[in-house]
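Taken in order, these protein sequences are the chains called A and B.
Residue numbers for the first sequence follow the UniProt record's numbering, beginning at 1 and rising by one.
Residue numbers for the second sequence follow the UniProt record's numbering, beginning at 1 and rising by one.
By construction, these hints were calculated from the structure, which means they are not laboratory data.
A hint or two may mislead.
[Said to hold, decoys possible] Computed list of lysine-lysine pairs in DSSO-like fashion (alpha-carbon distance at most 30 Å, straight line):
id, chain 1, residue 1, chain 2, residue 2
1, B, Lys468, A, Lys59
2, A, Lys59, B, Lys171
3, A, Lys59, B, Lys99
4, A, Lys59, B, Lys299
5, B, Lys171, B, Lys396
6, B, Lys269, A, Lys59
Listed below are the residues making up each chain.
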Amino acid sequence: MGEEEGLHQTPFLDTMFVRGLKRKCFDGEEDIEGTLAGIKAIPSYNLQRQSLLDMSLVKLQLCHMLVEPNLCRSVLIANTVRQIQEEMTQDGTWQMINTQSTGQASLDRLVSTDILCRSSRDQAEGKHVPAYGTFNKDFENDQAQDSSDTMSTASAVQAPRNLQSSVWEMENPQENKGNFQKSLDQIFETLENKSPNSVEDLFSEVDNSYYDLDTMLTGMMSNTKMGHCDSLETFSSSTNTASNSNCKSDLNDLDHIVEILVES
Amino acid sequence: MGKVMFKHHLNVVTWESTAAAIDARIHSCKGSRNTAHHFFFQVMETERTGIARAAAMQASPHCPANVPQPSSEEVTSGADIISTVEFNHTGELLATGDKGGRVVIFQREPESKNEPYNQGEYNVYSTFQSHEPEFDYLKSLEIEEKINKIKWLPQQNAAHSLLSTNDKTIKLWKITERDKRPEGYNLKDEEGKLKDLSTVTSLQVPVLKPMDLMVEVTPRRIFANGHTYHVNSISVNSDCETYMSADDLRINLWHLAITDRSFNIVDIKPANMEDLTEVITASEFHPHHCNLFVYSSSKGSLRLCDMRASALCDKHSKLYEEPEDPSNRSFFSEIISSVSDVKFSHSGRYMLTRDYLTVKVWDLNMETKPVETYQVHDYLRSKLCSLYENDCIFDKFECAWNGSDSVIMTGAYNNFFRMFDRNTKRDVTLEASRESSKPRAILKPRRVCVGGKRRKDDISVDSLDFTKKILHTAWHPTENIIAIAATNNLYIFQDKVNSEMH
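Let the sequences and hints guide you as you build the complete structure.
This is the structure we're talking about:
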């Protein structure tokens, strides 16, 4: 895995951080001039901090596909990101970034834990927005139009609403090229390749409490190894987590969904 | 003997030191400063990787007669990685769980006067598949079969029982021995087929005849659907009737005999998940007070809760938190303060916590700060950014007390593990590896040098192997025997010269 390489890659970063942050903290108690002096004394501190922020955001995105991500790790990384963003806000660097954008930014757009895990499909749905923390309302409308055929509007939009799409764009420009039509195709493709959003909608009658933000926070999608038919067969025979009655209602829902998908 | 199934495939090292050798070691012990304390451990190593292959070999009819023994350099599958180690209450049994959902139980050979130096060796007693990989259809997610924790129940009859858990489901296993079987049935013959009744001319009373010892393991209870999040710890209550299981946000109280319901006693899930900033990382019942338990958080705090105060113990009785040291503050301060393990002392007076760089001893009566803090590997403090990048900063190390609560132990990187003597304030770094652990060898203390003067055999910080991490360690409840899990190998070390507790 290359932990040793990893250690050697950022030795400079380590020392920069230790020194820079110590000085920063010390100066932070004093007035702004002191702080600026502290920053100026280590001119690349902002750069280092920025790279830590980027690294953290990448870590939040890279969640395992098959297994639920570690919630503790996600929370710790998210807290780190928040800490950096708060410091950047105090510095004024946060505002600098935001004023370059279309002006929709606000300090409320600090990272929420909703983005702790994102499916790559959600990333594909994100549109390019140049700045941190802005949310493109046009994107929201697009999503709503296309999805109203197959999914209820409210739930489908719920995920993108909390998405800091610009962030993902910066990190994964390739994935963002997929447009919404492509992601709709993915839904039609196989039933088991569903994101937590669509699962939420499809089985919303089964157990509402189960599909709240827990799913958003911890759920990861898809790319399972099971074949299309296997999933349907095993669905009916699974007794691990669902009672018999749940299985039957799920099967009925599945039939319903297949009808919808086939018709569209 | 039937019970030792895979002994011939294990590289079990027995130690057979002579009295002269022991004397020599005592002399060397007195001379050297580092070993002034009394722990110089000898190797009783059990190689665990052989088990999976041995099972496969025995199953295959085409297995050649002379199968080469797997070497330590072979790449082992991830399923063999040991994920938990636990002695039972007498220390006679040692259970290990691995990533593949398997549990292997070792039993200590009884000491015999005939061979005083062959005693105390741990051999495989039983192996069983505790958890299988599952698929959560509703979330489209796999549920890992990795055993997160094993806890033994106090023994109440001839059988042994333990709880094992993966991320979602806890199972109660009963381990029984069978060394007799009834023979001489009237209606069935030896193979179990019904006899032709015309051949039965007289009645006989079946008698119990001895047979090869068989260890049978059966699942007695399955506690499922209790957790939305990943179970990180389980703890059996001192009342021996209840136990608790903790996941990232909730703690449930179960009765050992009831599987279809559990009581939620702690719930730190915020109404709005966007506000989530803290999770539960570990929890444990007090060893004597069945109403008290502690849980640790990712922000470095401990909460001692009293179940008598209310049904939902969200309001802690006591909050143990050390104020942050402003001079050491960095963006990683919170991450390294996250408590990865909490253990009550045997006396019940203290709690031991492990965070990324330190182990701390807390007095239950003092909530403001720990009474003792020991640096495990402070030389990593300047490397936190790299360790954050390669995710090592999220490694969860466990910690352990010795039987008399005088020494604490925890693992580190490079297959090192550390011991701290609370009385003499001495500490030692030892290594668990095949290269440095020959049979009957005494473990040599290791040193990590940060720069400056480098002695021979010192390891420099930059050459530490961060893939070799000792996360799971266990200490025998009464004797100086320790079990160290190093990835897929289990090492058992014994301090033979000073077997009595201090």
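Hint by hint, here is what the structure shows:
1. B/Lys468 x A/Lys59: This hinted pair holds, its Cα atoms lying about 22 Å apart.
2. A/Lys59 x B/Lys171: Not satisfied, since the Cα-Cα distance of roughly 33 Å exceeds 30 Å.
3. A/Lys59 x B/Lys99: holds, 23 Å
4. A/Lys59 x B/Lys299: holds, 20 Å
5. B/Lys171 x B/Lys396: holds, 23 Å
6. B/Lys269 x A/Lys59: holds, 23 Å
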